[in-house]
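One letter stands for each residue in the lines below.
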Amino acid sequence: MATSILDLGSERAAESAEADDLGLVEALREGSERAYEELLDRFQQPAYALALRLLNDQSEASDVVQEVFLKVFRSIGNFRGQSSLKTWIYRITVNEAHNARRWFFRHRRQEVDLDTDPEDTRDWKENIADGGRSPFDVAFSGEQHVMIERALERINPIFREAVVLRDITDLSYEEIAEILSVSLGTVKSRILRGRDALREELQGSLRARPALRLVPKTAE
Amino acid sequence: MSCDHVQQQISALIDRRIADGERENVRAHIESCSACQAQWESALSLRSALRGMAQTEVPASLAAKLRVLASHERVRQLSRVSLPARLRNFTAYAGLCFDNLMRPVALPFAGGVLSALLAFGLLVPTLSFPHNFVGGPTFFVEPAGSTVDLAGQTSEKINILAPRIQPVNSPYTGYTNVVDLTIDENGKVVDWTVVSGRLTEELNNLIVLSRFIPATTFGLPTSGKIRAVQGPIIVGPSYSFTVRS
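In the order they appear, the protein sequences are chains A and B.
Going by my numbering, the first sequence runs without a break in its numbering and finishes at 220.
Going by my numbering, the second sequence runs without a break in its numbering and finishes at 245.
Any given hint could be a false lead.
[What the hints assert, rightly or not] Some chain B residues close to chain A (C-beta under 10 angstroms, calculated; not the full set):
no., residue
1, H29
2, S32
3, S42
4, R51
5, A54
6, A63
7, V75
8, L209
[Claimed, not checked] With the Cβ distance kept under 8 angstroms, some of the chain A side facing chain B (calculated, not the full set):
no., residue
9, V25
10, G31
11, Q44
12, Q58
13, L70
14, R74
15, S75
16, I92
17, N95
18, W103
19, F105
20, K188
21, I191
[To be verified] Listed next, the in silico DSS-like pairs over lysine-lysine satisfying Cα-Cα at most 25 angstroms (straight line):
no., chain 1, residue 1, chain 2, residue 2
22, B, K188, B, K225
23, A, K86, A, K188
24, B, K188, A, K86
25, A, K71, B, K65
26, A, K71, A, K86
It should be emphasised that the hints constitute simulated quantities derived from the structure, not laboratory data.
Beta carbons are placed, not taken as given, at the ideal position from N, Cα and C, and that holds for glycine.
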């Protein structure tokens with residue numbers, strides 16, 4: 001009984017979201033200024049986070065997000081509501097990121113970046129510590145993020161897409177299947193293999209680190 | 001239930017994509033097996049860490065670019081909403097295209113026209129045109145039978161006939177006496193040379209008594225030379241030619 005009530009609630013939420021999407025799309029077609037602002041407010045952050053995790057490069061991610069929204073604005077007339085607006089925008093983001101990665105491997109693989117530390121390239125606002133967290137937490141969290149970013153970069157892009165969409169963007173299997181245009185079984189398999197590959201990469205990087213050894217010394 | 005099978009199911013268990021009966025069995029195994037327990041905790045920890053990476057701030061520069069992009073695209077969208085808006089947009093677009101096309105040409109074109117006008121204006125006064133035999137009694141002669149003042153002396157008057165000094169390329173042929181005349185700025189003959197034929201008394205009188213429209217340079221009369229012939233007696237309109245200075 002509890003399950004059926006939950007299902008009913010989720011169905012209603014889905015219907016409401018769908019109606020919101022259609023209303024937003026209609027307002028976009030009419031050129032409403034508020035609709036444009038709302039679209040950016042709702043999707044610029046998740047689209048940027050997705051692009052950044054897929055490409056692991058801030059400037060590339062920024063370019064991709066601009067391309068994504070350009071396509072969204074120009075193709076909004078063709079949006080028929082067969083999928084949710086979120087799924088549609090994420091699909092465009094994944095495709096654009098895929099194109100950007102392919103272009104990168106073709107054209108910029110030979111370039112050498114003098115400034116390879118992503119921490120140095122970040123804006124100063126991004127480096128300000130959160131007042132609610134201790135410096136240790138911040139350092140640990142930052143280090144953890146860098147390790148995961150590097151591990152993500154090393155795994156197969158096909159698996160990376162699935163893991164990022166599931167664990168970072170928090171999409172359901174059905175939505176991921178729709179975005180990647182694959183079956184549910186394939187999504188499940190890719191997520192499983194992606195997580196395994198990520199775990200192996202992280203374990204490998206932890207093993208490669210030199211252990212911190214504290215040797216007590218007496219005063220002479 | 002083997003550890004391999006359980007570890008294969010951990011990913012599905014985290015995402016709640018596992019059947020109810022299977023889930024209970026997998027959970028029971030994880031609680032009883034330390035290796036699978038460690039794997040489970042590791043998977044949970046990794047998922048938690050990945051979740052934390054979703055909180056990525058959009059760079060301010062990107063947010064600004066997106067707002068500009070949205071503004072431009074909104075204007076573009078508005079221009080396509082209705083037929084009048086589309087027409088307005090098309091007209092503006094066509095005007096812009098025309099301007100873009102013509103702007104690079106406009107300056108050279110204007111410069112070319114002005115240069116041509118300037119060059120023409122400078123050249124026109126020095127140009128000499130052949131002869132104008134059509135209309136206009138611009139060849140100045142005294143009418144037949146009239147009296148003229150010879151060299152400003154009013155006491156001596158001579159009767160002359162119709163003009164008989166004509167341009168060398170006049171339509172009349174059969175002439176024999178050809179002279180080169182030097183005309184001053186007042187239109188009077190100041191010197192002459194017989195090129196062919198002979199200087200008859202009649203021709204001499206004609207040369208002395210004829211008056212010409214002098215050549216002009218920049219609008220001012222000037223002296224010049226012409227070649228002329230002694231033609232037949234003409235009754236009717238006279239002819240003119242310009243003196244080449």
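Verification of the hints:
A distance limit of 10 angstroms between C-beta atoms decides the matter here; for B:H29 the minimum to chain A is near 17 angstroms, and the interface restraint is violated. With 10 angstroms as the threshold, the beta carbon of B:S32 stays out of range of chain A, its nearest partner Cβ sitting at about 22 angstroms, so the hint is violated. Below 10 angstroms, beta-carbon pairs count as interface contacts, and B:S42 has one with chain A at about 6 angstroms; its hint therefore holds. Hint status for B:R51 relative to chain A: holds, with the closest Cβ pair at about 6 angstroms, below 10 angstroms.
At a threshold of 10 angstroms, the smallest CB-CB gap from B:A54 to chain A is about 5 angstroms, leaving the interface hint in force. For B:A63, the interface hint holds, since its Cβ comes within 10 angstroms of a Cβ in chain A; the closest pair sits about 7 angstroms apart. Hint status for B:V75 relative to chain A: holds, with the closest Cβ pair at about 8 angstroms, below 10 angstroms. For B:L209, the interface hint is violated, the least distance from its beta-carbon to any beta-carbon of chain A being 93 angstroms, above 10 angstroms.
For A:V25, the interface hint is violated, the least distance from its beta-carbon to any beta-carbon of chain B being 12 angstroms, above 8 angstroms. Because the beta carbon of A:G31 sits about 4 angstroms from the nearest beta carbon in chain B, less than 8 angstroms, this interface hint is met. Taking 8 angstroms as the C-beta contact cut-off toward chain B, the hint placing A:Q44 at the interface holds, the least distance being around 6 angstroms. Of the supplied interface hints, the one on A:Q58 holds, with its beta-carbon coming within about 7 angstroms of a beta-carbon of chain B, less than 8 angstroms.
At a threshold of 8 angstroms, the smallest CB-CB gap from A:L70 to chain B is about 6 angstroms, leaving the interface hint in force. For A:R74, the interface hint holds, the least distance from its beta-carbon to any beta-carbon of chain B being 7 angstroms, beneath 8 angstroms. Checking A:S75 against chain B: minimum C-beta separation of about 11 angstroms lies over 8 angstroms; hint violated. Violation of the interface hint for A:I92 is found here, the shortest Cβ-Cβ separation to chain B being roughly 14 angstroms, above the 8 angstroms cut-off.
Of the supplied interface hints, the one on A:N95 is violated, with its beta-carbon coming no nearer than about 18 angstroms to a beta-carbon of chain B, more than 8 angstroms. A hinted interface residue such as A:W103 counts as satisfied when its beta carbon comes closer than 8 angstroms to some beta carbon of chain B; here the least separation is about 19 angstroms, so the hint is violated. Contact between A:F105 and chain B, as hinted, is not supported at the beta carbon level, the nearest pair being about 23 angstroms apart and thus beyond 8 angstroms. Hint status for A:K188: holds, given a least beta-carbon distance of 7 angstroms to chain B, under 8 angstroms.
With its C-beta approaching chain B no nearer than about 6 angstroms, A:I191 sits inside the 8 angstroms limit, and its interface hint holds. Distance restraint check for B:K188 and B:K225: the Cα-Cα separation of roughly 11 angstroms lies within the 25 angstroms cut-off, and the hinted pair is therefore satisfied. Between A:K86 and A:K188 the alpha-carbon distance is near 21 angstroms, which keeps this suggested pair within the 25 angstroms criterion. Among the hinted pairs, B:K188 with A:K86 is inconsistent with the structure: their alpha-carbon atoms are about 103 angstroms apart, more than 25 angstroms.
The straight-line distance between the Cα atoms of A:K71 and B:K65 is roughly 15 angstroms, inside the 25 angstroms bound, and the hint therefore holds. Proposed proximity of A:K71 and A:K86 is supported: the alpha carbons are some 14 angstroms apart, at most 25 angstroms.
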